[in-house]
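> Here's the letter readout for the chains.
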Amino acid sequence: GAGVSQSPSNKVTEKGKDVELRCDPISGHTALYWYRQSLGQGLEFLIYFQGNSAPDKSGLPSDRFSAERTGGSVSTLTIQRTQQEDSAVYLCASSLSRMSSGYTFGSGTRLTVV
Amino acid sequence: RKEVEQDPGPFNVPEGATVAFNCTYSNSASQSFFWYRQDCRKEPKLLMSVYSSGNEDGRFTAQLNRASQYISLLIRDSKLSDSATYLCVVNIQQAGTALIFGKGTTLSVSS
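Chains as they are written, first to last, in the working numbering: chain A, 11 to 124; chain B, 104 to 214.
By construction, these hints were calculated from the structure, which means they are not laboratory data. Since the model is a prediction, treat every value here as computed from it, not as a measurement. Only true hints are included.
The calculated BS3-like cross-link candidates involving lysine-lysine, where the alpha carbons are at most 27 angstroms apart (straight line), are:
(1) B:K182 to B:K148
(2) B:K206 to B:K182
(3) B:K148 to A:K67
(4) A:K67 to A:K27
(5) B:K145 to A:K21
(6) A:K67 to B:K206
(7) B:K145 to B:K206
(8) B:K105 to B:K148
(9) A:K67 to B:K145
(10) B:K145 to B:K182
(11) B:K145 to B:K105
(12) A:K21 to B:K206
(13) A:K25 to A:K67
(14) B:K148 to A:K21
(15) B:K206 to B:K105
(16) A:K25 to B:K145
(17) A:K67 to B:K105
(18) A:K21 to A:K67
(19) B:K206 to B:K148
Kindly produce the complete structure, drawing on both the sequences and the hints.
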């Protein structure tokens, strides 16, 4: 597609439930990133995929968080046993390569854990 | 010490004013630098890259001082539409490192 597509745009879930967030990057972009932004806070790096290389998971806050990228394209971020502190906007971005300056962000998924 | 630090503001300026934002970064291995703009409840968008020689794009001028590990953004002749949060971003070019974002500086331009 023309841009980075994320779904759902909004998600309200009960504490303890699992959620899956989806990101469809720009076609041809080999690098894909997940960030999250809590209210009034900066962007927090979560995980990074580059081609077929092992992902950089150094930003994942706990083992409840995981992500995969199938076929080098679509990525899903899974949060298990959600907690209220997981409430945030989850942003996905893609770029041609890690060295590219042009990160294009999706419009994000606003997750609310009640 | 945070990796990228910015004055959160807000900066409240009238239309037509010149305003400057500063940013410092802690890792001397940082290689690439950018300014992103984020509107309220929207995703960040690349405003401009920052080069060692300094660069200008219309009313916007970005400068880098590697010795002081300092980046600046100057906006001349501010418009109402410039109201947004401006994010300072650095890239430490090691394997697998993604962009590191500052928390942003909020600008409000009023008529």
